[in-house]
Amino acid sequence: GAVVSQHPSWVICKSGTSVKIECRSLDFQATTMFWYRQFPKQSLMLMATSNEGSKATYEQGVEKDKFLINHASLTLSTLTVTSAHPEDSSFYICSAGRRQQGNTIYFGEGSWLTVV
Amino acid sequence: GQQVMQIPQYQHVQEGEDFTTYCNSSTTLSNIQWYKQRPGGHPVFLIQLVKSGEVKKQKRLTFQFGEAKKNSSLHITATQTTDVGTYFCAAPLGDNNDMRFGAGTRLTVKP
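Residue numbers (our numbering), protein chains in the order written: chain E, 1 to 116; chain L, 117 to 227.
Everything labelled a hint here was simulated from the structure, so no lab data went into it. Each hint should be verified, as a subset may be incorrect.
Said to hold, decoys possible - Okay, derived cross-link-like pairs now, EDC-like style, lysine to aspartate or glutamate, Cα gap no bigger than 20 Å in a straight line:
hint	chain 1	residue 1	chain 2	residue 2
1	E	Lys66	E	Asp88
2	E	Lys20	E	Glu109
3	L	Lys173	L	Glu183
4	L	Lys226	L	Asp199
5	L	Lys152	E	Asp88
6	E	Lys41	L	Glu170
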C-alpha cells in the first residue's frame, strides 16, 4: 500500500525556537496533504490543507504565521512551528490522499513535539 | 464547521464481549472511513464505505453505512485484547472535502 513517511518522530526544542516537520509520500504523488494535531486522548484536529504549488488552506483558529506549511513538491510537505511555546507540545501528524483508491488517506507515523 | 459526531467516547469491555461505536453526520456523506489508533501509534486505515446501506466485514469487525449515508457503525464481535485502541470515523467534509474525524471511541479490553 501507499506509504507516507514523517520525520522526525520525536523532537524536543527550547521555547522560542522553530521546528520543522517533514511529510513525504514515498510511492505516489500527493497533490494535497493534510496536517493534523492531536492532544493526548483527543481526536485529530485538522490544522491545514497543504496544496502543491500554492498556499496552504488553514482551519479557523490556526495561526498561519506560527504554523508555516510549504508543499514544495508532489511528494513533500513541511510544517514549521515557529517560536514554539510549551502549549505547542503535541502530536503532529500528516496524511496524503490517493485518488486512485477513492481518496483514501494514508497517515505518516506522526511527530511528537515537546517544547521545554 | 461541519463535524462527524461519534459515540461513545469510551468503552470498557470484558474480553469476549461485543463492542460498537457509532458515527453520525447532519449531512449526507460521499463516503466514510474507519481508522484504528493504538496507544502511542498513528491512525491506521481500516475500511472505506461508499454505498448506501453498505455492510463490510473484516473477520470479527463489521462496518455499516446507513441508508441515508449519514451514519455508520463499527461492531466488533467477541473482543480480544488486541482490539484495544481508539477507533475513529472520518469523512470528507468542508469546502475542500477535507477528511474530518469523529472524536473517537477509546476501547479497553479486560482479559
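So, going through the hints one by one against the coordinates:
{"no.": "1", "hint": "Lys66/E to Asp88/E", "result": "10 Å, holds"}
{"no.": "2", "hint": "Lys20/E to Glu109/E", "result": "15 Å, holds"}
{"no.": "3", "hint": "Lys173/L to Glu183/L", "result": "17 Å, holds"}
{"no.": "4", "hint": "Lys226/L to Asp199/L", "result": "11 Å, holds"}
{"no.": "5", "hint": "Lys152/L to Asp88/E", "result": "25 Å, violated"}
{"no.": "6", "hint": "Lys41/E to Glu170/L", "result": "30 Å, violated"}
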